[in-house]
Structures are given as structure tokens and as C-alpha cells.
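**Q** Each residue of the sequence shown is one higher than the one before, counting from 19 in the numbering used here.
Source of the hints: derived by calculation from the structure; they are not laboratory data.
Note that the structure is predicted; figures quoted are calculated from it, not measured.
We put the CB at the ideal spot given by N, CA and C, even for glycine.
Warning: the hint list may mix true and false statements.
As the list claims (entries may be wrong) - Calculated pairs, EDC-like style, for lysine to aspartate or glutamate (alpha carbon to alpha carbon, straight line, at most 20 Å):
(1) LYS53 with GLU40
(2) LYS53 with ASP128
(3) LYS69 with GLU52
(4) LYS53 with ASP38
(5) LYS69 with ASP91
(6) LYS66 with GLU52
(7) LYS66 with ASP91
(8) LYS48 with GLU63
(9) LYS48 with ASP91
(10) LYS53 with GLU63
(11) LYS139 with GLU153
(12) LYS53 with ASP91
(13) LYS139 with ASP166
(14) LYS134 with GLU116
(15) LYS139 with GLU116
Said to hold, decoys possible - Label pairs and their calculated CB-CB ranges:
(16) LYS139 with GLN175: 23 to 29 Å
(17) ARG70 with LEU34: 17 to 23 Å
(18) ASN60 with THR147: 34 to 40 Å
(19) ALA65 with VAL138: 35 to 41 Å
(20) ALA159 with LYS53: 53 to 59 Å
(21) THR29 with LYS66: 20 to 26 Å
(22) GLU52 with LEU146: 47 to 53 Å
(23) THR20 with SER59: 21 to 27 Å
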Amino acid sequence: MTVYGYARVSTDGQSLTSQDAELHAAGCAKVYAEKISGARSNRPELAKVLKRLDTGDVLIVTRLDRLARSTRDLLNILADTTSAHGRLMVTVLAGLAEFERELILARTSDGRARAKARGVKFGRPTALTPHQRQEAIQRLAQGEAQADVARSFNVSQATISRLGAA
19 MTVYGYARVS TDGQSLTSQD AELHAAGCAK VYAEKISGAR SNRPELAKVL
69 KRLDTGDVLI VTRLDRLARS TRDLLNILAD TTSAHGRLMV TVLAGLAEFE
119 RELILARTSD GRARAKARGV KFGRPTALTP HQRQEAIQRL AQGEAQADVA
169 RSFNVSQATI SRLGAA
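Could you put together the complete structure from these sequences and hints?
**A** Given below as C-alpha cells:
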């Protein structure tokens, strides 16, 4: 029985160091590592370790999302390994729900970052247009009461108060 490790990061800017250290600490005889997107189906190092596995061998990953992109992908990898090659791959499947949650969070985070890069604004829309804000600030500077300015723009006094602080 041989214990192998598989480590993957998605971009060149990320480091394999921590995964490699964890896998060696777990007793891996050899760690297969690559810097490649998990979305790519062609992952050469993963293919190498899967071909190398024999009955009784163990494959360890630090997190399931390093091995597969989705639960379906994970199950396909397990099925291919056990049926097509006649080999047994043992891995820890506990934490499948956490795996899915991490994938969802990663995709959500990526989507938000792409949206921000396109200029999408998140959160509640502003109550006043830039022109209205400027006019309100001028009226406050001339000594008009916050309550009167707020009434004229149909907003709360707190909204106008925050303009005064700005």
C-alpha cells in the first residue's frame, strides 16, 4: 500500500507550499502537484497519480475542491478510477457538504469580483443624485435647517445629516 498526495492551485500567483507540507505530514510517499484550473478536464498530474494507483493505495488531498470541481466531477473521478482501471482509490469523503459550500462561495466571490470590475455597484442605491447632494450641501452651507432640506428632497433628516459630515 502506497500513500500518494495530490495538490493543485488555480493560478501561478498561488503557492503549493502549504498543501505540499500537509500532504507530506500525512505520510504521502509522493505528492503530485500542479498549477492549473480545476475547470480544465486535462490535468496531467492528476491523470498520472490516478493511473499509478493500485488496489489498496490511498490518495490524499488537503481539500476535496483541489481534486474536483463539483460533486459530479468527484464521483466521476472515483468511478473512473475504480471501474475503468480496476484499481481502488481510497479518499476521505467526509465533508462533501462543506466541499459544495466552498465551491459555491468561490464561484460567488469570483462572480462578485467580475461584476465589480465591470463597474457594478452593490448595496442599497443612494437616495439623492449627485446634483441633489451638491444642492443640499450648498443649502446647508447657507444655513438652511437640515429638516427643511430633507423635506424638500423627500428623504430623512439623517440622510441630510450625513451629507453635512461628508
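**Q** All hints, please: hold or fail.
**A** Do the hints match the structure? See the list:
1. LYS53 with GLU40: Cα-Cα ~17 Å, so holds.
2. LYS53 with ASP128: Measuring from Cα to Cα gives roughly 18 Å; hence the hint holds.
3. LYS69 with GLU52: It holds: about 16 Å lies between the C-alpha atoms, which stays within 20 Å.
4. LYS53 with ASP38: It holds: about 13 Å lies between the C-alpha atoms, which stays within 20 Å.
5. LYS69 with ASP91: 17 Å, holds
6. LYS66 with GLU52: Measuring from Cα to Cα gives roughly 11 Å; hence the hint holds.
7. LYS66 with ASP91: The given pair, whose Cα atoms are some 17 Å apart, holds under the 20 Å limit.
8. LYS48 with GLU63: 12 Å, holds
9. LYS48 with ASP91: 24 Å, violated
10. LYS53 with GLU63: 10 Å, holds
11. LYS139 with GLU153: 23 Å, violated
12. LYS53 with ASP91: 19 Å, holds
13. LYS139 with ASP166: 30 Å, violated
14. LYS134 with GLU116: 27 Å, violated
15. LYS139 with GLU116: 29 Å, violated
16. LYS139 with GLN175: 23 to 29 Å: Holds, since LYS139 and GLN175 (Cβ atoms, about 25 Å apart) stay within the stated range.
17. ARG70 with LEU34: 17 to 23 Å: Hint holds: Cβ distance 19 Å, inside 17 to 23 Å.
18. ASN60 with THR147: 34 to 40 Å: Violated, since ASN60 and THR147 (Cβ atoms, about 51 Å apart) do not stay within the stated range.
19. ALA65 with VAL138: 35 to 41 Å: 38 Å, holds
20. ALA159 with LYS53: 53 to 59 Å: This hint holds: roughly 57 Å between Cβ atoms.
21. THR29 with LYS66: 20 to 26 Å: This hint holds: roughly 21 Å between Cβ atoms.
22. GLU52 with LEU146: 47 to 53 Å: 52 Å, holds
23. THR20 with SER59: 21 to 27 Å: 26 Å, holds
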